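Novice: Chain by chain, the residues:
2 protein chains.
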Amino acid sequence: MKSLSVVGIGPGNELNLSILAKETLESSDLIVGYSKYVDLVKDYLPDKEYLDTGMTKEVDRCKLALEKASESKKVSVVCSGDAGVYGMAGLVYQLSVNYPGVEIDIVPGISAVLSGSAVLGAPIGHDFAVISLSDLLTPWELIEKRLKLAGDGDFCICLYNPSSHKRKDYLKKACELLLDYKSEDTICGYVRNIGRSGESYNILTLSELKDTEVDMFTTVFIGNSNTEIIDNKMVTPRGYKGL
Amino acid sequence: MKSLSVVGIGPGNELNLSILAKETLESSDLIVGYSKYVDLVKDYLPDKEYLDTGMTKEVDRCKLALEKASESKKVSVVCSGDAGVYGMAGLVYQLSVNYPGVEIDIVPGISAVLSGSAVLGAPIGHDFAVISLSDLLTPWELIEKRLKLAGDGDFCICLYNPSSHKRKDYLKKACELLLDYKSEDTICGYVRNIGRSGESYNILTLSELKDTEVDMFTTVFIGNSNTEIIDNKMVTPRGYKGL
Chain H
1 MKSLSVVGIG
11 PGNELNLSIL
21 AKETLESSDL
31 IVGYSKYVDL
41 VKDYLPDKEY
51 LDTGMTKEVD
61 RCKLALEKAS
71 ESKKVSVVCS
81 GDAGVYGMAG
91 LVYQLSVNYP
101 GVEIDIVPGI
111 SAVLSGSAVL
121 GAPIGHDFAV
131 ISLSDLLTPW
141 ELIEKRLKLA
151 GDGDFCICLY
161 NPSSHKRKDY
171 LKKACELLLD
181 YKSEDTICGY
191 VRNIGRSGES
201 YNILTLSELK
211 DTEVDMFTTV
221 FIGNSNTEII
231 DNKMVTPRGY
241 KGL
Chain A
244 MKSLSVVGIG
254 PGNELNLSIL
264 AKETLESSDL
274 IVGYSKYVDL
284 VKDYLPDKEY
294 LDTGMTKEVD
304 RCKLALEKAS
314 ESKKVSVVCS
324 GDAGVYGMAG
334 LVYQLSVNYP
344 GVEIDIVPGI
354 SAVLSGSAVL
364 GAPIGHDFAV
374 ISLSDLLTPW
384 ELIEKRLKLA
394 GDGDFCICLY
404 NPSSHKRKDY
414 LKKACELLLD
424 YKSEDTICGY
434 VRNIGRSGES
444 YNILTLSELK
454 DTEVDMFTTV
464 FIGNSNTEII
474 DNKMVTPRGY
484 KGL
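Chain order of the listed sequences is H and A. Going by the working numbering, the letters in the first sequence line up with residues 1 to 243, in that order. Going by the working numbering, the letters in the second sequence line up with residues 244 to 486, in that order.
The following block holds chain H by itself, in its conformation from the complex (with noise of 0.2 Å):
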């Protein structure tokens, strides 16, 4: 059987992994991933044969996992979160069209939006945007057009990617461009580390987000106009009347 799994394996930890992604993990013959999230999978199955491969070496990983896959192997790629959200599944797709007759499925797991939006309360409980703040593969000028029109719509918005080390200051500019069309006390959320060790999270509003400075394993939230705290949780109502 060549046959390639993508799978989402949510956060991290083994409690928000999908029964499908983990049997499919426990019967697959290799796993490949980078090497973080491989780490995080080998805690509940140390028993599997993997192969890791460092951040920012996707299409290596994933040509990789074609190869063995063509090989008559069953293998599973891990991506964090889901396997579609800034996941592998799209890459290996368009890779897919130099290994035929692999079988390409996709498992989807629980983004980095929704366990995020779980430890928060209910961020996103009305319709939202999700935005990536890594230029990496996206021009800077596309991203600020993507936060300004989702300001401009009043969306619950959803950052990705806020920060690393080279781009200190981005989750300052989003702000800033936000703050031209939300009001500076937006309640917005953030959450580190969601489902593994050393998790946290911190509400606050839109200006004070401003001057906040995160790191690469932070998810950043944004509510609406409606978006309000109640017992310490972000909550955006979807507007049920006669509460």
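Be careful, since some hints might not be right.
Just so you have them, the derived chain A footprint on chain H, three or more residues with Cβ under 8 Å [as the list claims (entries may be wrong)]:
| id | segment |
| --- | --- |
| 1 | 14-28 |
| 2 | 69-80 |
| 3 | 166-179 |
| 4 | 187-193 |
| 5 | 208-221 |
No more than 27 Å apart at the CA atoms, straight line, and that leaves these computed lysine-lysine pairs for DSS-like [claimed, not checked]:
| id | chain 1 | residue 1 | chain 2 | residue 2 |
| --- | --- | --- | --- | --- |
| 6 | H | Lys-241 | A | Lys-306 |
| 7 | H | Lys-63 | H | Lys-22 |
| 8 | A | Lys-306 | A | Lys-245 |
| 9 | A | Lys-391 | H | Lys-166 |
| 10 | A | Lys-317 | A | Lys-391 |
| 11 | H | Lys-148 | A | Lys-391 |
| 12 | H | Lys-241 | A | Lys-265 |
| 13 | H | Lys-22 | A | Lys-306 |
Over the 12 Å line for every Cβ pair with chain H, so calculated as not near, a few chain A residues [stated by the list, open to error]:
| id | residue |
| --- | --- |
| 14 | Asp-295 |
| 15 | Val-340 |
| 16 | Asp-395 |
| 17 | Arg-435 |
| 18 | Arg-439 |
| 19 | Val-457 |
| 20 | Met-459 |
| 21 | Gly-485 |
Just so you know, the hints here were simulated from the structure itself, not pulled from any lab data. Only a predicted model underlies this, so the values are computations on that prediction, with no experimental measurement involved. By construction, the Cβ of each residue, glycine as well, lies at the ideal position given by its N, Cα and C atoms.
Since the structure of chain H is provided, determine the placement of chain A on it from the hints.
Specialist: Coordinates of chain A only, in the frame set by chain H:
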């Protein structure tokens, strides 16, 4: 213990449930939900105590769950997909102020934007917006505004509640608005009955989608300007070089 868990059960089948969601439901004294979702859970947990309510009875359902939790029961409210994406999490927090002492926790689940994405391939491989076309709780003018802005930003778009008996032409209206910003050849897809019996999907252009009637059990995906069809799947590249 006065505890209320708001549990996202994923698309419906047990396989796409998280391990935490399964454990939370198993350890509950009572499971409350819309009758259709309760029936899905009964399939794999037949021996629990259940209370179901009709559609559009969301406020009553959450009040009932909070009341039962106040009686020192461990209660779960089940939501299709995720607990916080058009789910009950926000409403439970809003109502909880009248039920002091009830501990609330949110168990995330695989929302249709992720489970549907996995069926289609990789449609949301870049920044995306999730918009509900239901105007029961949201003015249509705001939905229109968000569609236009998401179109202008070349976001991938996922539409929830694309149709109902009373809103048969809403998807058509949405596509017409998007055609002002997106090419008529934009790759789109839709998935019906995700993770349930009779699951099916279709991939088509935006102009074809405009003239397609879908039902309320369908989730719709509209690609960005880079979305392509690869081996009958809908794929939005992240932008990796050197393929």
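Novice: Give a verdict on every hint.
Specialist: A quick look at each hint next to the structure:
1. As drawn, the segment 14-28 of chain H meets chain A at 9 residues by the rule of a beta-carbon pair under 8 Å; at three or more, the given contact holds.
2. Counting residues of the segment 69-80 of chain H whose beta carbon lies closer than 8 Å to any beta carbon of chain A gives 0, which falls short of the minimum of three for the stated coverage.
3. Check on the segment 166-179 of chain H: 0 of its residues sit with their Cβ under 8 Å from a Cβ of chain A, so the three-residue criterion for coverage is violated.
4. Check result for the segment 187-193 of chain H against chain A: violated, 0 residues qualifying (beta carbon to beta carbon below 8 Å, three or more required).
5. For the segment 208-221 of chain H, the stated coverage by chain A is violated: 0 residues have a C-beta nearer than 8 Å to a C-beta of that chain, whereas at least 3 were required.
6. The straight-line distance between the Cα atoms of H/Lys-241 and A/Lys-306 is roughly 13 Å, inside the 27 Å bound, and the hint therefore holds.
7. Restraint check for H/Lys-63 and H/Lys-22: satisfied, since their Cα atoms lie roughly 23 Å apart, inside the 27 Å limit.
8. Taking the CA atoms of A/Lys-306 and A/Lys-245, the gap is about 14 Å. The hint holds against a cut of 27 Å.
9. At most 27 Å may separate the alpha-carbon atoms for a hinted pair to count; A/Lys-391 and H/Lys-166 exceed this at roughly 33 Å.
10. Proximity of A/Lys-317 to A/Lys-391 is assessed by CA-CA distance (about 44 Å); at most 27 Å being required, the pair is judged violated.
11. For a cut-off of 27 Å, the pair hint linking H/Lys-148 to A/Lys-391 stands: about 13 Å separates their Cα positions.
12. Only pairs whose Cα atoms come within 27 Å are accepted, and H/Lys-241 paired with A/Lys-265 is rejected, the gap being roughly 31 Å.
13. For the given pair, H/Lys-22 sits about 35 Å from A/Lys-306 by alpha-carbon distance, which is inconsistent with the 27 Å threshold.
14. Listed as a non-interface residue, A/Asp-295 keeps its Cβ farther than 12 Å from every Cβ of chain H; the least gap is roughly 19 Å.
15. Listed as outside the interface, A/Val-340 is inconsistent with that label: its C-beta sits roughly 7 Å from the nearest C-beta of chain H, within the 12 Å cut-off.
16. Once the 12 Å rule is applied to beta carbons, A/Asp-395 is inconsistent with being away from chain H; the minimum gap is 6 Å.
17. With a cut of 12 Å on Cβ distances, A/Arg-435 stays outside the contact zone with chain H, its closest approach being about 17 Å.
18. No Cβ of chain H comes within 12 Å of the Cβ of A/Arg-439; the nearest lies about 14 Å off, and the non-interface call holds.
19. Listed as a non-interface residue, A/Val-457 keeps its Cβ farther than 12 Å from every Cβ of chain H; the least gap is roughly 19 Å.
20. Every Cβ of chain H is farther than 12 Å from the Cβ of A/Met-459; the closest lies at roughly 17 Å, confirming the non-interface assignment.
21. Not every C-beta of chain H lies more than 12 Å from that of A/Gly-485, the closest at about 6 Å, which undercuts listing it as non-interface.
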